[in-house]
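Number of protein chains: 4
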Amino acid sequence: MVGGGRDAFIGAVHRQALALDGRWQLVAGALSSDPEKARASGRDLGLPDDRNHGCWQDLLEDEIARPPGERIDLVCIVTPNHLHYPVARAFTEAGFHVVCDKPLANNSEQARHLVALCEREGTVFGVTYNYTGYPMVRQARALVQGGAIGEVRKVVVEYNQGWLARDVERSGNKQAGWRTDPERSGRAGAIGDIGSHAENLVATVTGLEIEAVCADLSTFVPGRRLEDDGNLLLRYSSGACGVLMATQVAAGCENDLSLRVFGSEGSLSWRQEEPNQLLLCPADGPRQLFTRGSPWLHEAARRATRLPAGHPEAFIEAFANVYIGVAEAIQARREGRIPVAWEADHPTVQDGARGVWFIEKTVESSRSAQKWTFWE
Amino acid sequence: MVGGGRDAFIGAVHRQALALDGRWQLVAGALSSDPEKARASGRDLGLPDDRNHGCWQDLLEDEIARPPGERIDLVCIVTPNHLHYPVARAFTEAGFHVVCDKPLANNSEQARHLVALCEREGTVFGVTYNYTGYPMVRQARALVQGGAIGEVRKVVVEYNQGWLARDVERSGNKQAGWRTDPERSGRAGAIGDIGSHAENLVATVTGLEIEAVCADLSTFVPGRRLEDDGNLLLRYSSGACGVLMATQVAAGCENDLSLRVFGSEGSLSWRQEEPNQLLLCPADGPRQLFTRGSPWLHEAARRATRLPAGHPEAFIEAFANVYIGVAEAIQARREGRIPVAWEADHPTVQDGARGVWFIEKTVESSRSAQKWTFWE
Amino acid sequence: MVGGGRDAFIGAVHRQALALDGRWQLVAGALSSDPEKARASGRDLGLPDDRNHGCWQDLLEDEIARPPGERIDLVCIVTPNHLHYPVARAFTEAGFHVVCDKPLANNSEQARHLVALCEREGTVFGVTYNYTGYPMVRQARALVQGGAIGEVRKVVVEYNQGWLARDVERSGNKQAGWRTDPERSGRAGAIGDIGSHAENLVATVTGLEIEAVCADLSTFVPGRRLEDDGNLLLRYSSGACGVLMATQVAAGCENDLSLRVFGSEGSLSWRQEEPNQLLLCPADGPRQLFTRGSPWLHEAARRATRLPAGHPEAFIEAFANVYIGVAEAIQARREGRIPVAWEADHPTVQDGARGVWFIEKTVESSRSAQKWTFWE
Amino acid sequence: MVGGGRDAFIGAVHRQALALDGRWQLVAGALSSDPEKARASGRDLGLPDDRNHGCWQDLLEDEIARPPGERIDLVCIVTPNHLHYPVARAFTEAGFHVVCDKPLANNSEQARHLVALCEREGTVFGVTYNYTGYPMVRQARALVQGGAIGEVRKVVVEYNQGWLARDVERSGNKQAGWRTDPERSGRAGAIGDIGSHAENLVATVTGLEIEAVCADLSTFVPGRRLEDDGNLLLRYSSGACGVLMATQVAAGCENDLSLRVFGSEGSLSWRQEEPNQLLLCPADGPRQLFTRGSPWLHEAARRATRLPAGHPEAFIEAFANVYIGVAEAIQARREGRIPVAWEADHPTVQDGARGVWFIEKTVESSRSAQKWTFWE
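Residue numbers (the working numbering), protein chains in the order written: chain A, 1 to 376; chain B, 1 to 376; chain C, 1 to 376; chain D, 1 to 376.
Pulled out of the complex, with its shape left as it was, chain A reads as follows (with noise of 0.2 Å):
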């Protein structure tokens, strides 16, 4: 694990979810761009001092040194959002397989150097696009694909966070510090952090690609430096329209995250804050809701979930679902084959790659000033 030390949000999650099935033990680590804390965050963690690292190049010196069976199985790249290239590039460049945060790199010819670097390499790359390991976005998938909304027609996909409504990264806040500094998070601020998770539940879910976009972008909280909210109108190849909003300053929220798709049969819908639930409104018969576990679900979906119907499974465990389809997509590797059917379930840095022009299109498009009608 690079990154992820003490004070960090992400990177226990990541050892939560890892831990969750028993398929991965974390055995070496560079917590911390700075050594002294790095080294004491590995010891919280019982890390062994010749694998715990102050910085992340010693690790993979250390690494490389070591015979092919005694090396880490994949790096979790879990840093500050300026890290992931050079990390994910040195690690891919060196064989590793790699699991890494969004987004995957600070422009999209990094994000296109690193597709290149992982098919040369032949290397797994996973991007922690976690929303879409819940077993229930699966299933709208499965839904959506299969023809259950018919042809779909829009799509709605908002994310509402509140926790930066007020200047919380001038109080200390160091989550919201570097979140909120280009320098560490990139040309984007809600949109880069919460809106590229929009944007790959859209992609994951329907399969549409993004034709065209119109943003519009605020920053509502003075001094701030990145916009803390966005709203874009989107047309897809396919004809259909869609709205994704993104927000980190509407206080109340809290982790709103949802996705409605339109199609010409039915409608569906789908919140990250009950994720245990779907819900399917055809044209012509009762609404449907689908509940996670039930054995009348997707292959896609039902293989996703630890739990019988009722005993929910929740953030943690969609998190882990990333880690075991890459733990079957290193496994099928391994033994040469391409994954079946529904193996080997994860995001991958395609996936990482369209978010970054996502991302930058996205802020291309706020500067275009021509949008608007005025009222009078």
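Worth flagging that the hints you see were computed from the coordinates, not collected in a lab.
All of these numbers come straight from a predicted model, not from anything done at the bench.
Some hints here could point you the wrong way.
Said to hold, decoys possible - Pair by pair, the computed Cβ-Cβ distance ranges are:
1. B:337 - A:151: 56 to 64 Å
2. B:172 - D:9: 39 to 47 Å
3. A:151 - C:122: 44 to 52 Å
4. B:337 - C:25: 28 to 36 Å
5. D:369 - A:285: 45 to 53 Å
6. D:10 - B:239: 50 to 58 Å
7. D:369 - C:109: 56 to 64 Å
8. A:10 - B:239: 17 to 25 Å
9. A:10 - D:174: 37 to 45 Å
10. B:340 - C:25: 32 to 40 Å
11. C:370 - D:9: 49 to 57 Å
12. B:299 - D:147: 41 to 49 Å
13. D:369 - A:147: 31 to 39 Å
14. B:34 - A:146: 45 to 53 Å
Said to hold, decoys possible - Going by beta-carbon spacing under 10 Å, a handful of chain C positions derived as facing chain A:
15. 279
16. 289
17. 291
We treat Cβ as the ideally placed atom computed from N, Cα and C, and that holds for glycine.
Assemble chains B, C and D onto chain A, guided by the hints.
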């Protein structure tokens, strides 16, 4: 009543709303543009022959001819859209109070003319933006305008219907027929029919004024002559941003109008399909669920309520509240006084005129293609 | 109308329900047991002096004296409970059709007498178990009796209110006054007032017949003379079991009536506070959410609906459905025919008599102390 | 771990819960009563051969033989019910800390013996009433016991499952096999399996003590040897009343455990299938919806949470919270101190013993036929 004969939908709702509180009685009508059908419809409703007219001109002439004390108090205009203006104009010019369905007129010039006429004549003119008659919408207005969510940052309003998901206008659905016909419906489809309700809901609850609009309108059902889906980005003069979505082709949706207002200190949300509750999410405490009929609601919400909490009220009752507001306005005018506090609460001719403007600017915006940033 | 003057609650609801569909008109009344107040209340409602009576005996005498074609079609009895029987008996004996609030009578002997009288006179007698007027209750009845959940195993019905959580009867609440007074309310409090609605809801939806009851009644508010909370175990003759709960002292509850029916092939649930939907949980497929106004509902539910799906209806509309059923029953009787199919759907005098029996057996059971197994 | 081999359900949940927080490691086991299967299951999980035993007696003997610092810290007993007591007794007598599934023992005499043994040995003994590990259950406890709803008047707890709606025990469902077999499950079916969770939930949240019980147990599936449905009236020593319902034959239900507590000043409700929220309905203000992870929750709820609000946690996390409580209890004991405040929060051997008593008294009550008042 003008319009609302056999086969009409909304005329019957008006009559139920009028009857509910015992404050109005239907005494005269010209219930269809087809004289035969008009009279047959009037007989169904028990209108006496001498006040059951074959056309609205006859109705007007007859009423004018009666001594003042025996005339109607109010004319209700529930025709297809294209007739709103001529009928409203004629009755207002003759000094009658009016309740008229939206959109108020065929264009903003006509709408402004009606506003001026009402001022000149001193008549009451209500527009049946009926959704603002819901008690919990009035509670939302009181909360937002009383500062409960701080400064409004963002508004998301949507109105999702599915009844036009197929080309029902070509299979004899009379409602669909005129509502998708530009000659009778006006220059917009979904935006005029339901988007205008969404616009009014935002304006009523928040008081925000639109500064600019960026609209993407689509027609999904082949052969349809008006848009059946629209998505708008909005900027308000206060600096707030907004998203407005209206669709009539989302198969499986019913009458899903909802409003969410996100502010610096909290957020609130209301859905028309569950109208008896209102959710307030403050930044600094547990979420609050307000229920209609509770003694701690704002007076404006309490006085719009007939039954105790837990005894739900719904669409017809909200509709009737518009008529109560109009009745109170007429009463106050007769008594030569300004309505006090929350008395005479109803959407006015000004709301109606702004709604026509909204439709025009939305259509204008949708015709500007420069909004899009293309994906590659 | 007998009863329902100023200060009354339910009388106004009856009048709104009567007005809604234009099938009834209030033409005569004896609106209070206090002659002054009766007449003042009648004047408020515009009753002509010659049909605005100071006591129900005068109303009856006057109506009998009129020529048959000029008499009332129906008397609505909306007095406190203890007057239901004498008024209902007198009007039925005189050959009038009746709608009467529940409980029908003060004891089961009276109730049986009314049943016999109606048979003898051939009059229609509706009892305002108004909750069975909801379209989705009729849908539930159609589903259960049509086998959608297989054999019914268990019924859970509850009615939770909080308005008597404090001793409001001693602080001038007129409703609380008579409803907690055994002289005017009868031998039961919560069970008579709301438990009887719960009993009727189960009987209407399932058709099950009670075989035995085991009741635990409590009085939580000191000084109150009737129970304000009751919980019952039930056995039905089919072998099904049941639980019925009714409380008026659950602070924070509003009018929370709900029904759940569990069967061998599925379960369903309905809540009065969200009356436009009905959830069916089959054993072998996704849950189904039925919504009022949908074309795929049972005819009995569709004909109890005024508005399209998504345009909610509520309490008053359900109440009005009882009156529609009574109107259809009277109409059929006048035409000398048996109502067909779902015509004339309303709770009858037999339902009312069973409800009185239910109250008596519940009170009897609660007095038997041998039910308890003590903890140590 | 004793029990929990291949085919078992709950053993895997225990292991996921143990792994989640990195505080426990599975080091030894006797994972089945079938020695072959036990060892195969242990190999699946990577247990070393010398700690992978064929029966629990071998495990115990081996652990006792090790030097104190190399022994297990805790034994987890996840066998079918009939083995809980002998295993728990033997390990406790040997001085080991224990976590054991409910019901604790086959009868109350055994249960009392275990309580006495734990006192004598000074060992920690947790019982996996896992539902009380949910943060919002702890919030409910804090609210009720802190007076937020005044004096508790009534408790309604229910646990509705449908997985035994058909005789799956005869078609090879191993779980159904032992759970419906009195030799392995104990003297009660649904009451023992899930009713006991409901009893514990009430006791934990409210602290009320049962004074008397009146139970109606039924067996709906022909041939089944234990009851599959139970309904109880309860009286508590405080004067409160209660209703407890448990069923495993409600087709279409999943794992629908819910608790409602009605008090003199308000009511609250919680549902296991949507565990991240808790609804408080005060008598005198809007309803309050508490969400997991919010900073304004009680410390006992906050410390049982891993993720920020809106990032849902669920069943496994709640289960893991029981293990955290046990770990803290052991830690405190090692440090020779009493756990402070909300440290060491877990269901104890006393809870387990009370649960066995509950089962016994329920079965005893159900055998008394005098509770019923017959309908005619």
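Now the hints, each set against the structure:
1. For the hinted restraint 56 to 64 Å between residue 337 of chain B and residue 151 of chain A, the CB-CB distance of approximately 58 Å keeps it satisfied.
2. Checked against the hint of 39 to 47 Å, the C-beta distance between residue 172 of chain B and residue 9 of chain D comes to roughly 56 Å, which is inconsistent with it.
3. Checked against the hint of 44 to 52 Å, the C-beta distance between residue 151 of chain A and residue 122 of chain C comes to roughly 60 Å, which is inconsistent with it.
4. Taking 28 to 36 Å as the suggested C-beta distance range, the pair residue 337 of chain B and residue 25 of chain C conforms, at roughly 33 Å.
5. Range check, residue 369 of chain D to residue 285 of chain A: Cβ separation about 47 Å, and the 45 to 53 Å hint holds.
6. One distance hint, 50 to 58 Å for the beta-carbon pair residue 10 of chain D and residue 239 of chain B, holds here, with the actual separation near 55 Å.
7. Evaluation of the 56 to 64 Å hint for residue 369 of chain D and residue 109 of chain C yields a failure: the beta carbon distance comes to about 29 Å.
8. A hinted range of 17 to 25 Å is violated for the C-beta pair residue 10 of chain A and residue 239 of chain B, which are about 32 Å apart.
9. The beta-carbon spacing between residue 10 of chain A and residue 174 of chain D, approximately 39 Å, falls within the hinted interval of 37 to 45 Å.
10. At roughly 33 Å, the beta-carbon separation of residue 340 of chain B and residue 25 of chain C lies within the given 32 to 40 Å, and the hint holds.
11. For residue 370 of chain C paired with residue 9 of chain D, a C-beta distance near 41 Å fails the hint of 49 to 57 Å.
12. Between residue 299 of chain B and residue 147 of chain D the beta carbons are some 31 Å apart, a value that contradicts the proposed interval 41 to 49 Å.
13. Checked against the hint of 31 to 39 Å, the C-beta distance between residue 369 of chain D and residue 147 of chain A comes to roughly 57 Å, which is inconsistent with it.
14. Taken as a hint, the range 45 to 53 Å holds for the pair residue 34 of chain B and residue 146 of chain A, whose Cβ atoms sit roughly 48 Å apart.
15. A least Cβ separation of about 8 Å between residue 279 of chain C and chain A falls short of the 10 Å threshold, and the interface hint therefore holds.
16. Because the closest C-beta pair between residue 289 of chain C and chain A is about 4 Å apart, less than 10 Å, the hint holds.
17. Because the closest C-beta pair between residue 291 of chain C and chain A is about 7 Å apart, less than 10 Å, the hint holds.
Violated hints, in rising order: 2, 3, 7, 8, 11, 12, 13; the structure is consistent with all others.
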